[in-house]
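Here is what each chain is made of, one letter per residue.
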Amino acid sequence: MRLRLPACAIALVVAMTCVPPRVHAAPDLVYALRNVRIVPVSGAVVASGTVIIAGGLIQAAGASATVPRGATEIDASGLTVYPGLFDALTDLGLPAAAQPAAAPTPGGGAPVARPASSVRGPQDRPGSTPWIQAADDVKPDERKFETWRNGGFTNALIAPKAGLLPGQSAVIALAGERTSDVVVRPAVTVQASLTPTGGFGTFPASLMGVIAYLKQVWIDTAHYGAWLDQYAANPRGIERPPHDRAVVALHEAMKARRPVVLTAVTATQIRRALTLAAELNVSPVIAGAHQGYDAVDALGARKTPVIVSVKWPEKARDSDPDADEPLRTLQFRDRAPSTPAALARAGVPFAFTSDGLATPRDVLKGVKRAIDAGLVPDAALRALTLSPAEMFGVADRMGSIEAGKIANLVVTDGDLFDEKTKVRMVFVDGQLFEQKDATRPADAGGTRPGVPAIVDGGVR
Amino acid sequence: MTRALLTSALVAATAAVAAAQTPAGRATLIKGATVLTITRGDIARGDILIRDGRIAAVGTSLAAPAGATVVDATGKFVSPGIIDAHSHIAIDGSVNEGSLSVTSMVAIQDVIAPDSIAIYRALAGGVTTVNVLHGSANAIGGLNATLKLRWGATAEAMLFAGAPPGIKFALGENPKRAGSTAGPGGQQRYPATRMGVIDVIREAFTDARDYKRQLDAHKASVAAGKKPLVAPRRDLQLEPLVEILEGTRLVHAHCYRSDEILQLLRVADEFGFRIGTFQHALEGYKVADEIAKHGAGASTFSDWWAYKVEAYDAVPYNAALMTERGIVVSINSDSAEEMRHLNQEAAKAVKYGGLTDDQAMRLVTLNPARQLGIEARVGSIDVGKDADLVIWSAHPLSTYAVAETTYVDGTVMFDRAADLSRRAASAAEKAALIEKARKATDAPRPADRRPTEMSRPQAPAPGALEGAVR
Amino acid sequence: MNRLVTRLALVAAGLAFSADLAAQPAAAPPARAYAIRGARLHTLAGPTIDVGTIVVRDGRIVSVGTAVEIPPDARVIDGMGLTVSPGFFDAMSQLGLTEIDAIAATNDFAEIGEFNPQLYTATAVHHASEHLPVARANGITHAGAAPGSSGGFGGSASIITGQMSVIGLSGWTIEEMLIAKSVGVLVNWPTMNTASFDFGASAFRTRAFADVRADYEKKVASLRDYLQQARRYVAARDGGQPVETDLRFEALRDVLSGKLPVIARAHTDRDIRNVVEFCRQQQLKLVIAGGDQAWKAADVLAKAQVPVILGPTLALPGTEDEPYDKPLSRVGELHKAGVKVALSTFNSADSRTLPYEIGSAVPYGLPWEDALKAITRYPAEILGLGDRLGTLEPGKLANLVVTNGDPLELRTTVVHVFVAGQPVSLSNRHLSLYELYRSRPRPAPAR
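Residue numbers (our numbering), protein chains in the order written: chain R, 1 to 460; chain W, 1001 to 1470; chain F, 2001 to 2447.
Here chain R stands alone, though its shape is the one from the complex:
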């Protein structure tokens, strides 16, 4: 099937002069989504329009767009198309087993980055594998990907998470057979954790030990980095710098100004992470942020990007019914969902992470709680689409419905945050995944790639 270029550009439509070669194995179909309500996120809502999808990209989107010859037309009357949803932090598709750890787990044989007994201090780089790239390790997991697509998710930032410096993240698409199909952008952020991984006897065994360690690693990175660069330029007369894999990887990442993702949940943790980031001279991204509502001043000062976990804090189901839970714990649970609204008011960029929630339905429910706590629905949608794309440097290619961007779309039969709304279709890299039995977000059952059933007019 050939792609017909549009004759003219109108409104939102920007003419494509060329179509990049497809690198993934999706059916090379051209789709025309007609009579659809378009929520582009980057611009005004189009009450009824057309979206043309070709070569994996959005070829055109607007109130009127010329349908290319041979396009598969889909009458989407009564449906709404949004940019595909973006989980801003997950480990989807990453191997769970081969994660490095600083110390062996008692009784377990988890592989270790370095045997605990040989860690004599920061110089032994405990729990540090910053060279690990999610982009190298991701293995498309069709079963899981499908679950998330069914809920409207088309993209994610995936990151390794074991250890103190687990590695670097990648933006992926949630469809594809091979690693090469799914990676949208490799080496996006550097992951860092302040949670000690060792026991009492293994450095660093405490929060303060981890912080001290990270400071020293960054000092070493600057020190050896400068040395390495000098040596690379002209080795004569300079002592050969030692090879330190962790430092080399961090040096490259810092030269590329990659942001550092730090998990921080409480206001104190958020402030602590920001202080540390300033000391390390890195651009922080805060992940978690349940008590962000009490740290808006600190986050707003430099408009630090935040990945808010929508796995809101709640009482454990099997807890003691008579336990005297502290008032502030109750307040924390009550107020956590107000964080996104508070961030939005302060102009702090934020996105959402599923944070281990099993289904996209749970994620949307979590987002709904944020909306109930004052977040404007448009801002919620942005946090699920364009904001993470901006945060992770891919807004030039995805995150909104604009001609030329990757065709990552979700088509629903109603408002995204309405619990009754069902996801009808999902496009990932222009590939259509349709729900035969349209289900609510996250319900089991599935979209399968293939020829659309809702076809009006057939092939031209």
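If you're looking for bench data, these hints aren't it; they were derived computationally from the structure.
Don't take each hint at face value.
[To be verified] Derived pair list, reagent style DSS-like, types lysine-lysine, alpha-carbon separation capped at 25 Å:
1. R:Lys-144 <-> R:Lys-420
2. W:Lys-1439 <-> R:Lys-420
3. W:Lys-1436 <-> R:Lys-315
4. F:Lys-2326 <-> F:Lys-2336
5. F:Lys-2303 <-> F:Lys-2336
6. R:Lys-315 <-> W:Lys-1439
7. F:Lys-2296 <-> F:Lys-2285
8. R:Lys-368 <-> W:Lys-1439
9. R:Lys-315 <-> F:Lys-2296
10. F:Lys-2326 <-> F:Lys-2303
11. R:Lys-215 <-> W:Lys-1212
12. R:Lys-215 <-> W:Lys-1219
13. R:Lys-303 <-> R:Lys-255
14. F:Lys-2181 <-> F:Lys-2218
15. W:Lys-1212 <-> R:Lys-368
16. F:Lys-2285 <-> F:Lys-2218
Position chains W and F relative to chain R; hints supplied.
Structure of chains W and F alone, referenced to chain R:
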């Protein structure tokens, strides 16, 4: 001051505080109390004028400036805020980085938990300044943080600006014991004897001396116009030890037995530095002359003893005996509980060893201030010092004394009447939140509730563990 | 007069802080009678006598009052400016059962096994422990030596931990010291706690409440079964059936008959209510020990007339939201609610702080006289020794503390202590070390 408040109990507390505090430029006059100045004896029916967070005047029959808040303290006692020279409260995570024998790279300042309820409870005991120390698992532990208990402020805003930096050392059973058993996956840690402990310290200072030479040489060659290609690597572990050698960082050395005190004094003499304080120093009374001669302070417990072998010769007369021999002595808590009644602990030095009331009060006010190098700011009721004050219902050395109001920088940080009056409101709020949560959870809930790093319960660690290792 | 004679000789130079009577034990053989004349007398049996005299003879108080005749053979102490109170009773202590807490070899308070009613702490009280004279020097004249629980952190492995003996804190052998071999059997009431600290992983672990509850119910059922077996045993023996002697069940006779109480360590509101109900069903006499949250259960305790031996007031609140002063105010609250409260240290080395622990509760709502009673009369009554101890009344054991002021005040000095009618030395390990090192010659000035 940033007020990142966690709870409405705190909000309420702060609202009460805000109502009573002294805004910049406004004044508070505390009238008619017995003022325990510490430096100049007691003033009967004395007045204290607070302006801009400082003590502006102390005397009798002071006139209230226009607009001043006047506090009638007739029949009550006012003392300087209590200073605890040894505490482990308000630390997030472990009090010890117990993995290595030298952990001078870690800093308490990085892990302050400004919302720890222990801070409020300490204020309720009249404590206004604390020396928050690393634990005693290592021969050379982490860096301390001197805090003003500005309840409601951020961690950063609680730091006592200008307080000299310090570090924790530890001698005796604790650093030995940390080496005696291997944790899972770990190996037995050196040292396991007192000679090993001293060796660890000597080795560390030998390294620090070499590191200092490197730094100095680099500095000299830069000064001489040479451009060395590679500067020495900044070493966070050795840097604080260089500061000790240069006399800019205070050593707070946990110790019990008299022999280990002398052992550390020898190392200090060998490397040419001074010990700031011997902490606990339960046998300090046996070598008081040696401690005094070195110029170190001693911070001890009032009457704890026999909980371990090296505490078997502890005596409640320790503070008095060391005071008699010319040591600057303080009584510390090392405990989130004990710190709530350091006034009572000080009183025991009157009973055991016959210190005067004034000397006893100094053990928890001016003397710890001197030991921490902050005596120019706090520790006595003198004009120009910070208005860190406690209004007591009775003489603070009495069993029956109750801290009624605690001021930090002229701001009410604790007020007993306010605390009592907001209890019902807090309970009502709590009941309402429980009911609200119960209604919400009647709805279907997400299936996966396994905690993750982000969603793990964030309740503060139980205070029971604070300062668990003496 | 006691084992400190040799040390006293060593430090004979300075006894400024010890009693003059005790200072000359060798010189002055004990008298049969003593009189303290013109002192303030906190009788705790009636109003305080501002200026009065108390006479003791052969170990017992013989007269107390303003117009008391002093027998000619009595050794007389001028009580001007002094205050006489009943000797302090640390009802739940570990005195004599431990020397150095961290050294397991010196600890004898916790035995292995779930049910050990046959153990009597008096068996193991080390009469020569250094802790005893230290406590005594601050007016502790008698103490309960409470059996504890084994089982590691939290010590919850044992249920019946043994029988508590009460000792006087002076004597050359336990026989000379023993006041009661048993005042009750200690039950470590099972608790439901979902959080526990895992030392291996250095982290808190949370167990599901359902599991914790199941464990709890199993333990309570095993206690119920055990008591049932003991009852059957007693009935069989008393019925003349040929049953072999069982020391454990024999030791429960007085508890099953209601003569001695179950002294149950219980802290939470829930646990306290549960144990009160358990003992009601089992028709056992009950004393709550510990009782951190007894204030929450004051209604049932008052109704069932169950007394409480509280732990220290100088303690942290049990939960974050508990008022900061709850450990201080709860004593007065319970008292006001009509619950009989005593206070104890549950400790050995810290036993001497008993008067300050209770004194600290006074400004938080505990009447002063009830405070003094909470460490004298009330614990004696609670433990069935009210006819022998706790007040200054003729016929009672002459355990007295003589101070130079308010006995609960920190800066007050203990001047004399009488145990069983005899003045005892106030010297101890601490005073001896003090005198020894106070006399250390100062180094010669630098030349």
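Against the structure, the hints:
1. R:Lys-144 <-> R:Lys-420: holds, 23 Å
2. W:Lys-1439 <-> R:Lys-420: holds, 22 Å
3. W:Lys-1436 <-> R:Lys-315: holds, 13 Å
4. F:Lys-2326 <-> F:Lys-2336: Cα-Cα ~15 Å, so holds.
5. F:Lys-2303 <-> F:Lys-2336: holds, 13 Å
6. R:Lys-315 <-> W:Lys-1439: Between Lys-315 of chain R and Lys-1439 of chain W the Cα gap is close to 13 Å, so the pair holds against 25 Å.
7. F:Lys-2296 <-> F:Lys-2285: holds, 21 Å
8. R:Lys-368 <-> W:Lys-1439: Distance of about 17 Å is within 25 Å: holds.
9. R:Lys-315 <-> F:Lys-2296: holds, 24 Å
10. F:Lys-2326 <-> F:Lys-2303: With Cα atoms ~22 Å apart, Lys-2326 of chain F and Lys-2303 of chain F stay inside 25 Å; holds.
11. R:Lys-215 <-> W:Lys-1212: Since the Cα atoms of Lys-215 of chain R and Lys-1212 of chain W sit roughly 20 Å apart, the hinted pair holds (cutoff 25 Å).
12. R:Lys-215 <-> W:Lys-1219: holds, 23 Å
13. R:Lys-303 <-> R:Lys-255: With a Cα-Cα distance of about 22 Å, the restraint between Lys-303 of chain R and Lys-255 of chain R holds, given a limit of 25 Å.
14. F:Lys-2181 <-> F:Lys-2218: Violated - the C-alpha atoms of Lys-2218 of chain F and Lys-2181 of chain F are around 31 Å apart, more than 25 Å.
15. W:Lys-1212 <-> R:Lys-368: Outside the cut-off at roughly 58 Å; violated.
16. F:Lys-2285 <-> F:Lys-2218: holds, 23 Å
In terms of the numbered hints stated before, the structure departs from hints 14, 15, listed from lowest to highest.
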